[in-house]
Amino acid sequence: MKTLAYWPRSLAARTAVVLLLGLAAVQAAGLTIHAFDRMDLQRLGQEHDLAVRVMTLYRSLALVSPDARSRAVEDLESTEGQFVALSPVPPGEALPPAPIWLQRQLTAEMQFVPVPISARARDIVMLGGPDNELMAVGLRFPDGVWLNLRIDMPAPRPWHSLTFLSAFLMMTAAAGGMTLWAVRRLTRPVATLASAAEALGRDVNAPPLPETGPSEVATAAAAFNTMAERIRRFVQDRTFMLAAIGHDLRTPITRLRLRAEFVEDDHQRARMLADLDDLEAMISATLAFSRDSTATESPARIDLAELVRTILDETADARPELAERLTADVPDHLTIQARPVALKRALVNLINNAAAYGGSARVVVAPPTQTPAGLSATLIIDDDGPGIPEADRERMFQPFQRLEASRNRSTGGVGLGLPIARNIIRAHGGDVTLESRQGGGLRARVILPV
Amino acid sequence: MMTAPQATAMTVAPRPHLLVIDDDHEIRDLLAMFLEREGFHVTTASDALDARRRLAAGHFNLVVLDLMLPGESGLDFARWLRSQSDAPVVMLTAMGEDTDRIRGLELGADDYVTKPFNPRELLARIRAVLRRVGEHGGRDQDGGRTIIFSDWTLDPRRRRLLNPDGVEVPLTGGEFELLAALLDRANRVLTRDMLLELLRGRQAGPFDRAIDVAISRLRRKLEDNGRNAQLIKTVRGGGYVLAAEVRRE
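Order-wise, the sequence lines are chains A and B.
Mapping the first sequence onto the working numbering, position 433 (from 1) lands on 424, and the numbers just tick up by one.
Take any residue in the second sequence, note its place counting from 1, add 875, and you have its number in the working numbering.
Hints may contain errors.
[To be verified] Sample of chain B residues facing chain A (criterion: CB under 10 angstroms; computed from the structure):
1) LYS990
2) ASN1038
3) PRO1039
[Said to hold, decoys possible] The following residues of chain A were derived to be distant from chain B, with all beta-carbon distances above 10 angstroms:
4) LEU240
5) ARG241
6) LEU267
7) THR301
If you are wondering where the hints come from, they were derived from the structure by calculation, not from laboratory data.
Just so it is clear, CB atoms sit at the ideal spot from N, CA and C, and this is done for glycine as well.
Bound-form chain B, shown alone:
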């Protein structure tokens, strides 16, 4: 079984080792090729049984898991994996199967993309999860937990932001990622470049072009006055900091 701390794995292995579990062998192979090209070391498995063998044989930094597996379901496998290993999981879920996705995140999966997915988005998610794991010195235990800051609540599983009155304030995908990135590094200054780096690939062009726009939209939604912002503060010299006490439940 896997016992080695993930943080050392990150520093020791320059090429993170991924396990891709998908029943379609073409997708498996293409995904392996694609991820290898992007600098990962990839092992593939066709079902839960195969995946268990691979997990027993090697050490993996991250598991890409298709929830629609023949035989043992992806959800059952994810539950087993969580009990056995700290390796973060990115799920591939079927479009429209929201309940599966939410259950998967509740079981401890770290992120998801819906099939048919955009390979670049998957890549971005894998990198983001690995980065979080690296920064937190282990698997991100807080991945699916509710984040509370200044009476606001962010539910990462459902990507929902609730205001202090419990009313949902809708966020765009980019705004959610940005807020999550700021909350992950609360009370630390993040330059525009750092934010771009953290969010790259999550959204195409427009987001890169307009991180300031996204910040101002977020401030408006958080009712954080732009001139005298208290929550997301502008740091002289080009950066932002989310200044709040952050709790996770």
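Chain A with its partners taken away, still in its complex shape:
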């Protein structure tokens, strides 16, 4: 089906358009009926008025002597839209004869003005009519003289009073406004549902939807809450399981570390310890994800610039071969309000990712700028790695997701670094996104309220 050019996209707008079009049609029909009715009424009145006027005048002139007639005609106050004359001939206006129905109508109306039989008009000529907006009527007195009248017959007006028109417009506007209000109100649950689904995507622990309102809406909200609860349980089970394993693994790892100290072969011992470090790093990430580290730490003022430099120093200490490619372009100082341990973990995860997968990390901290969310600092972490395809970028923030589907430890972590970073940064009222960098490589963009 071809999409209409002006067909609005939102459900509320579409419903409103349909309802308003319906309302407009009903109003138009009502107005038309009213106008026709009114015009009919006006015409009848006009005809009656005309007939009575003509006959009253005729009667008054027919009852006086022929000599007094011309004086009486001269004495007639000139009325607007009316011309009266006595003439030996019938009206000579270039008008077609009046329609038969009008002639009949007028003739009938004229009977209402009683005229003595002796004085009755001997002949009546009617020319013109509503179509000409003018009528010429000639009546022949019994003595042969014609009374010729020319009377304006303005076309009937469908709406006579301004009050009616403004009242009608106000009524229409009120109905339209109520329609819009009702539509918005009725479609609001759909928007609420959409934003709830979006919030769930951001945070598994987003609050449930209120299960109120019309029954369909309440049912949908309940179904949504059930689904959210299942997802939450799924993620929680997975996290709890890993946390439990992590806790239980601490003792064997400690034992292995101690045993490794008794391995004579230096090379084997170093490799064992490196494996144990990897194992511990995975457990540490899982434990960090399973508990909300931001909940227990209180915010404090911290120098973000110094934090970035410290993390880069530590990364360089741990990976001296990359030291040259870990650079910072940050102001001397930038004080922000944050939870120091949590924020450090978030930035460590991002910078370590850049170093591990991109082989470098260039951190740029821009001075705070005014954003819709308030004064925010922007932190950009660039690397020179292969980047991440756009379709996969958002997925990287989901727990246990990795670009490598192989789950091979040698090519990456457990898939919690970015989710932890995002959880922490969002808990600070900021956000972190991935984008591709011009000239290749990945760019992580962190926005943090100052």
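Take the given structure of chain A and dock chain B to it, following the hints.
Chain B alone, transformed into the frame defined by chain A:
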């Protein structure tokens, strides 16, 4: 109960006597073996009750205490131990249990490592605590107290450095150790070798290689101009001195 001054214990006993309290007997035994090999005399205990018996029976230079004990908790035991003895305590804490760690340090524990710990790091911490005790002629009462110098504040419990405006200036682990070592010996010249000795084992290779780098990073963080450093002064002939009045609260 233990009443003998620790300083004499250090000089009399060439092999410091450690009490290791951990509920996992394998860790206990392995740790004992490891520490014996490193020149300590080690006694082990499996829980708080056992530990009390051992403490009553002998004299210990240092206690290694696992906070996750069955029965009476490690924290309760640490509180009791502090009231009874001057023996310094190094805690073994669970990864991520920051509140336990901080409470332990507040109760007077001298240092901590998180499980699963690196045995060499534990060894370094034990040696550092014993050295502090030896130098101060008794248990280091100042271990957990806040250090104030030149309007800067160092909180050893949380390993936090606050600048004169109260803004946290992050430190790497090595920088913290270095600053703590300099503050412990404020206004005394420390050669590079002495600093290396004090910090050995705390961090692997890179730190040893770059004590000057660490000093320059610290100076930058303390806003101590490198050319004309006032706080951490370079001493001709290869050494450093932290020149400031140091208060502890």
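Status of each hint after checking the structure:
1. LYS990: Holds - the Cβ of B:LYS990 comes within 10 angstroms of chain A, reaching about 5 angstroms at its closest.
2. ASN1038: holds, 7 angstroms
3. PRO1039: Violated. Min distance 12 angstroms.
4. LEU240: violated, 8 angstroms
5. ARG241: violated, 5 angstroms
6. LEU267: A:LEU267 is in fact no farther than 10 angstroms from some Cβ atom of chain B, at 7 angstroms.
7. THR301: The claim is violated: A:THR301 sits with its nearest Cβ about 4 angstroms from chain B, within 10 angstroms.
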